[in-house]
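*Asks:* Model the full assembly from the supplied sequences, consistent with the hints where possible.
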Amino acid sequence: MTNRASIPAPGEPRGRLLAFLSALCFFLSAVEYMIPKPLPFMRLGIANLPLLLAVDLLPFGPFLALAAIKVLGMSLVTGSLFSYVALFSLAGTLSAALVMYGTRALFRSRVTSVGISVLGAVSSNAVQVLLASFVVFGRAARIIAPVFLAMGLATGLALGFFAERFSASSRWYARAREDARG
Amino acid sequence: MPVDRLARAERARRVFDPYALAAAGLAVAAALLFQPRLGPRAAILFGAMAFSWGVGRKVPVLGTALVILGIVGANLLVPVGKVLSVWGPIRVTEIALLEGVERAVTFEALIYVSKAAIRSDLRIPGRAGGTIASALRSYERILESRIKLRRASFLKDLDAVLLAIYDEGDLAETARAASAPAGRGKAGTALLVLASAAAWLPYLIAALG
Amino acid sequence: MTTATANAATRAAAAVGAAAENGDGRGPAPAEPGSGYRDKPRRFRLTLVDTAAILAAVSAVFLSSLGAVDAAGEPRVVISDGQGGEWIYPLDGDREIQVPGPLGSTTVHIHDGSVAIETSPCPNQTCVAAGSIERPGQWVACLPNQVFVRVEGGSDDESGVDTGTW
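Chains as they are written, first to last, in the working numbering: chain F, 1 to 182; chain X, 1001 to 1209; chain V, 2001 to 2166.
These are computed hints drawn from the structure, not numbers from a lab. A portion of the hints provided could be inaccurate.
[What the hints assert, rightly or not] Below, a sample of chain V positions facing chain X; criterion: calculated Cβ distance under 10 Å:
{"#": "1", "residue": "L2066"}
{"#": "2", "residue": "V2069"}
{"#": "3", "residue": "A2071"}
{"#": "4", "residue": "R2076"}
{"#": "5", "residue": "G2085"}
{"#": "6", "residue": "Y2089"}
Glycine included, C-beta positions come from ideal geometry on N, C-alpha and C.
*Replies:* Right, here's the structure in full:
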């Protein structure tokens, strides 16, 4: 998944952008970790915000690399690499990434970050609940599913609106856009 | 307290080789997944918690207990087996309870095995590793900046912080070389081999006995 | 289409069109580098696709809650003995349960969506002859050995979860 072409060299502007976006993912993951949640092992998805921004900043290869680095990096920092948590993280982040990039590719300017984010967040949580039904919840997952999907919808909406507002007026985003063009 | 934890982490850094540690973690995780019985799994959980503490990791006992309760509770939602007791609308049934406990123990055990085995100075080869390392450095700097965000100008402050750190880029890239040399301790590796073998013992006994 | 919706549609189209004109056509254009932070961002509008996505997500939540209610009210096999002991099992799946009674052990077999008493240490064996049951409300019992087997579910649910059957 991480062949040489997917990850730009660290010296290049795109490489710098990729590393910085990864750092943002790590930071937001840490923030998410602090927020008390009713069921601690399901991710809120705040850490997908850099990924949402990256939909318009990175081509597909580096975009996927960002998703992989987010999962791998956090697994290393929190030391959860061998656990089911990392599995949930991988499945959730990957499905969110694919759905978000696909949505943009499919609808171009007819969709905003809100639609992209909502679809990404809900599919991420759906995949995680499905996995959880095999690993931790069993049949009871069907009973718990609505709660997680609703959470995904809420987070997706919030992130989408924030991303739109932020990217419209952020100088950093403007600089990132420049660097992304190569 | 934190000082002791850092001291433990330092000592672990000297005693254990990060790659041997990771390999042992993988071996123990595999043993865990191959082990059908609850007793040995619980033993691995407690062993991993102790080991994590020993290498200086945070061991949030309360958080872990809550997660275990949560998973067990969720499993009890669908009753299966002999009814053991009735707590309001919930019927605690034997098979559901056992499955819940088993899943919860396995879940947390894997987390602690991971925590004990994965060290942040584990070097990943190639560009991915380089990018991750660079990202982790920026991450630390973001944490250090102790965001001075205020409600009114939230987005503006945030933007300023981001821009500042982004511009710094990798000035510090060359400045900081690899961290303190990790121990290639033979004693540490021997201990790890022992621990991995111990984790596999119950399975082997059952399989061969 | 009424005038109101026609106007709304035109406005939406204009907004999307305006957004599309910004160079790469991907929504609000970023600020010029060095121009300073803009406190008043360009007008943002939800598009049709956005709304469709949100509706899709809402229906996913709705459907899953229907599924949850469904799962909570699924038919179950409830086995009781004379002493207040109780066993609960889902009706689907394949299980053999040994229920102890004063005469010995009764075997209850759940298979293929139905449940039956397979063997029982009673003299007349009427319970075994009664065959299998599968619908909520049905029951079969071995009186001599004090084993009662019934199927619960739907509005018969006693576990306290509120399930409405349509």
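*Asks:* Flag every earlier hint the structure violates by its number, smallest first.
*Replies:* Of the numbered hints, 1, 2 do not hold.
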